[in-house]
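Chemist: Now for the letters of each chain:
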Amino acid sequence: MQSATFNLRITGVNPTWDAYLKHGVTSWNGTCSSTMCVTISFNSSSPRTMTAGNYSETWWGEYQPGGWPWDRTFAIRANATSLSASTLSTMDNRSKMTAAHELGHALSLADNPSTTSASIMKYPSTSAGVLTVPTTFDKTNVKNKY
Amino acid sequence: MKRGVSRFGVLVGLVALLGGCAAPQGAHEYHPLYPEYMDAEDLAAAATDIVVGTVESAEVRRIDISAPSDSTDPVENASDGAGEEAHDASYVYTVLQLRVEETYKGSRAPGEVIEVKQLGGTFEGEEYLEEGATALSIDSTYALFLMSFDNVPASLLNASQASYIRDANGAFAPVDPRNSIGPEVVRLLS
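Sequences listed follow chains U and G, in order.
Read in order, the letters of the first sequence correspond to residues 1 to 146 in this note's numbering.
Read in order, the letters of the second sequence correspond to residues 1001 to 1190 in this note's numbering.
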């Protein structure tokens, strides 16, 4: 399983999107149990990447794992085109949510957990609004995995 | 000496273990994040095309979905001013050829064959999967809620709420049983 301590690089985006993607990192960092703390740092040569662009797709973001299970690499993309087109919440919140959600995958969380609790890993819905940071439920899940 | 043998044994075991998984295991995975729609009205409003049609054939392709924006708004154009070349964004898709029977929204004409892409498929001997998605089948008839693009085949609005299969009696059912608005959409399609 991917360690809760890893580095990544943000690439190919303007300062506005750099800030959105960094929001995802800061939203998880400092999630600590008695035995570990989530520590995501930046390294310009990291094989783990986050970027954003304009893509002909309906997804807001996409996570692709790679590498070995114990030294997971990944590529995360946010889709400025579909995020701009949606009217759900604000663009600012949608973009922050996407960054935090995709990094949740890097911390071993799955999509759409079956729970009534609020979760950054649930698909955003027009009936529920958009979270921008991981919830207590999400952080507890991460703590339980490491 | 005994200790050395023990270490050797551990080393052999580790090599054997690694030999069993000399490459990352299994299929390449895609984990897309889609918005979900509150009701049928929301879903229909977001679609550029709503069609009923039969899948006649399918092929797997690697498609670059990059669609550079002309916008000068730094939010809408994520790479504007980034100072780096746009990254290749190629994904493996199964592209379905769908013959349209009916059009509820959009300009697709009955009889027209349109292309719809779904993430995943077997390409150059490697398997690619979209987490949580159900692949549409050849010879089946579906109602699809689509987003069309200029440069690549259309996409389903999301993996769970945008596809409905029609049975021999003409009744529709959600392809994904987890579809929270499925019954409401089926009522409208009927």
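Because the hints were derived from the structure by calculation, they are not lab data.
One or more of the hints may lead you astray.
Said to hold, decoys possible - Simulated DEER-style distance windows between Cβ atoms:
| hint | chain 1 | residue 1 | chain 2 | residue 2 | range |
| --- | --- | --- | --- | --- | --- |
| 1 | G | ALA1168 | U | CYS37 | 35 to 43 Å |
| 2 | G | SER1140 | U | ALA19 | 24 to 32 Å |
| 3 | U | THR39 | G | THR1048 | 40 to 48 Å |
| 4 | U | SER41 | G | ILE1138 | 41 to 49 Å |
| 5 | U | CYS32 | G | ALA1109 | 53 to 61 Å |
| 6 | G | ALA1168 | U | ASN7 | 51 to 59 Å |
| 7 | G | ARG1187 | U | ALA118 | 41 to 49 Å |
| 8 | G | GLU1184 | U | ASN144 | 35 to 43 Å |
| 9 | G | ALA1109 | U | SER33 | 41 to 49 Å |
| 10 | U | VAL133 | G | MET1038 | 41 to 49 Å |
| 11 | U | SER34 | G | GLY1106 | 52 to 60 Å |
| 12 | U | ASN144 | G | PHE1123 | 23 to 31 Å |
| 13 | G | ASP1073 | U | ASN7 | 27 to 35 Å |
| 14 | U | PRO69 | G | ALA1135 | 37 to 45 Å |
Just so it is clear, CB atoms sit at the ideal spot from N, CA and C, and this is done for glycine as well.
Chemist: Among all the numbered hints in the text so far, which are the ones the structure does not match?
Modeler: 1, 2, 7, 9, 10, 12, 14
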